[in-house]
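**Student:** Chains as they are written, first to last, in this note's numbering: chain W, 596 to 840; chain H, 11 to 325.
Bear in mind the hints are in silico, worked out from the structure with no lab data behind them. Check before you lean on any hint, since a few could be wrong.
Claimed, not checked - Rough simulated footprint, nothing fancy, chain W against chain H, three-plus residues with beta-carbon under 8 Å: (1) 110-122; (2) 199-211.
Claimed, not checked - Listing some non-contacts, in silico: residues in chain W with all C-beta distances to chain H over 10 Å: (3) ILE678; (4) GLN739; (5) ASP772; (6) THR827; (7) LEU834.
Ideal placement from N, C-alpha and C gives every residue a C-beta, glycine not left out.
Listed below are the residues making up each chain.
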Amino acid sequence: MKETEAIIERVRRINDAYQHLEISVDSTLTRIKPGQSLMARLHQTWDPYLYAHWWPVGVSENRIIVERPAGERFDPGQIVTLIGLVGQPLLFRRTLRNVMLLAYDTAPTPLLMTVPWLLGNNISVTLVLLGTAVQYATGHLPPQVEIVHGEGEMDWPNQVMTVGWADQVFAVVGRDDESGRFSRLMERFRELRNDVPSNYLFGVFQPVLPCAAGACHACVLPLRTGSALVCTEGPAYDLTQVMLR
Amino acid sequence: MSIEITRAGKMSLEIHTPVMPAAGTFGFGDVYRDVVNIEKIGAIVTAPVTYDQRSPASGPRVVPLDAGILVHTGLPNPGLNKVLKRYRNLWLMLPVPIIVHLVGTTPDQVRKSLARLEGEDSVNAVELGLNDDISVRDAEDLVNAALEKTEKPLLVRLPLYGADHLAEAVADCGASALVVAAPPRGTARDPISGRLVSGRIYGPLIKPISLRMVGQLVRRLESKRIDIPVIGAGGIHSAQDARDYLEAGARAVQVDSVTWVQPKMLEIIARDLGGWTVTREAGALPDEWYPGMGDTERERLRAQQRQDATPPSGD
Numbered sequence: 596m597k598e599t600e601a602i603i604e605r606v607r608r609i610n611d612a613y614q615h616l617e618i619s620v621d622s623t624l625t626r627i628k629p630g631q632s633l634m635a636r637l638h639q640t641w642d643p644y645l646y647a648h649w650w651p652v653g654v655s656e657n658r659i660i661v662e663r664p665a666g667e668r669f670d671p672g673q674i675v676t677l678i679g680l681v682g683q684p685l686l687f688r689r690t691l692r693n694v695m696l697l698a699y700d701t702a703p704t705p706l707l708m709t710v711p712w713l714l715g716n717n718i719s720v721t722l723v724l725l726g727t728a729v730q731y732a733t734g735h736l737p738p739q740v741e742i743v744h745g746e747g748e749m750d751w752p753n754q755v756m757t758v759g760w761a762d763q764v765f766a767v768v769g770r771d772d773e774s775g776r777f778s779r780l781m782e783r784f785r786e787l788r789n790d791v792p793s794n795y796l797f798g799v800f801q802p803v804l805p806c807a808a809g810a811c812h813a814c815v816l817p818l819r820t821g822s823a824l825v826c827t828e829g830p831a832y833d834l835t836q837v838m839l840r
Numbered sequence: 011m012s013i014e015i016t017r018a019g020k021m022s023l024e025i026h027t028p029v030m031p032a033a034g035t036f037g038f039g040d041v042y043r044d045v046v047n048i049e050k051i052g053a054i055v056t057a058p059v060t061y062d063q064r065s066p067a068s069g070p071r072v073v074p075l076d077a078g079i080l081v082h083t084g085l086p087n088p089g090l091n092k093v094l095k096r097y098r099n100l101w102l103m104l105p106v107p108i109i110v111h112l113v114g115t116t117p118d119q120v121r122k123s124l125a126r127l128e129g130e131d132s133v134n135a136v137e138l139g140l141n142d143d144i145s146v147r148d149a150e151d152l153v154n155a156a157l158e159k160t161e162k163p164l165l166v167r168l169p170l171y172g173a174d175h176l177a178e179a180v181a182d183c184g185a186s187a188l189v190v191a192a193p194p195r196g197t198a199r200d201p202i203s204g205r206l207v208s209g210r211i212y213g214p215l216i217k218p219i220s221l222r223m224v225g226q227l228v229r230r231l232e233s234k235r236i237d238i239p240v241i242g243a244g245g246i247h248s249a250q251d252a253r254d255y256l257e258a259g260a261r262a263v264q265v266d267s268v269t270w271v272q273p274k275m276l277e278i279i280a281r282d283l284g285g286w287t288v289t290r291e292a293g294a295l296p297d298e299w300y301p302g303m304g305d306t307e308r309e310r311l312r313a314q315q316r317q318d319a320t321p322p323s324g325d
């Protein structure tokens, strides 16, 4: 973990709801992998008190692209203090051919950094948007990504086929009740498959992180084998191992 | 510089700078090691530990407030034995004293915990955290239970709103020092879930409240000729905040949530109060002296030294 300063080089509005910030960062941060994130602070004041949790969606030489809501105001040349890298990279299977990314009642932003990496390794990507996530505009995503919009609370076209076809699934859910939503998702997958094997369905958790370093223990996640700190060991956990409500 | 932060005696605790992290803000000494130079802080107070393991609280645990936060973790920890097994070797290697923060649950649990800690060379002192709603009688029982089983220094962390009526009783029982105070409790609505959440409040606004309590307590203890060091805690966000506590009569200070939002601040405060900013060598690099300066100069010098040490190639 390192605390560094970075410069916002470019602000690009990608649609009505989101903008992409291109940020020049310390070279250590460009080692970021899908699943890892950054904590960011724009102003040296105590309000807001906590760092904001920023999820990169792309990385190039000395630059990271993060996705933020369009309602937030950023200017090119603005200095931002970053703490990172937060968390561990997602663990993909070696024999991976098809991946499903699933967003339920939230934007799929934490999952999007995986897209260029997966496509670059000739792995097919399906993005399933459920609940309020169907409102997420996908025009900026690469055309190779198959986009599936949900119908109703937890249904989408060709469900059984897409679930059977995916070698791994990574999901994000609305943060107001992560445990409840992941629990419902787990139940749905159990209905669609005979068995949900281990290392198949992963939940990407997004709790509020006061320290992002493992110091405050506010993000402890109860597991069947004990407990884990989402900020240092997460954010992705095999949902068969998580003690969900 | 050596500061005795407990009552004088054969097992008193001395630290070299009067600044340490508060319980629950610095993990078990295993975090922030890339950011904070641990040699520069006075001691490490660990995350809260209970004799038996504890699960995390369910539901929302963090509520952002204006210039602060409310945190309700449920004090999750794997239990004292697992903590000792996991961190004993690390604590033995660290260059500063280790103070284990023990949650004051029941006298029996406290007795068992202290008996377990008594033989631990890696632990230099114990801080007993008292519940916010504890009565004087229950506080005495817990402190007496702890002192039955240990000769290590016993610091007692008092709740903010009970500190004035608990301090004297705890001191009379034989506690080695008082920590004033634990972050106060409050209730706030979580903007994400819309639920009301109760927990401890952290932020700069806690400082004036806690500072007043420290000043009042120190004066009262002095007037009654009760000699017990007070360690000030609550809302410290700068070196000046820490100095204010020392001016109010605290022997040392504990720094809490600023470590989460400005990780280098703990070391900056410790260096300031530890006298390093005064005794800096004339040739010291800025980043050796002041950790907020970045590591460019030190890294450049190291790279230069590596380059100088590399023998020239044969051709």
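**Student:** None of the hints should be skipped; say for each whether it holds.
**Tutor:** Hints, one by one, checked against the model:
1. 110-122: violated (count 0)
2. 199-211: With 3 residues in contact (Cβ-Cβ under 8 Å with chain W), the coverage given for the region 199-211 of chain H holds.
3. ILE678: The assertion about ILE678 of chain W is violated, with a minimum of 7 Å to chain H.
4. GLN739: Holds, since 33 Å exceeds 10 Å.
5. ASP772: violated (7 Å)
6. THR827: Non-interface label on THR827 of chain W violated, nearest chain H Cβ at 8 Å vs cutoff 10 Å.
7. LEU834: LEU834 of chain W clear of chain H: closest Cβ-Cβ about 17 Å, beyond 10 Å.
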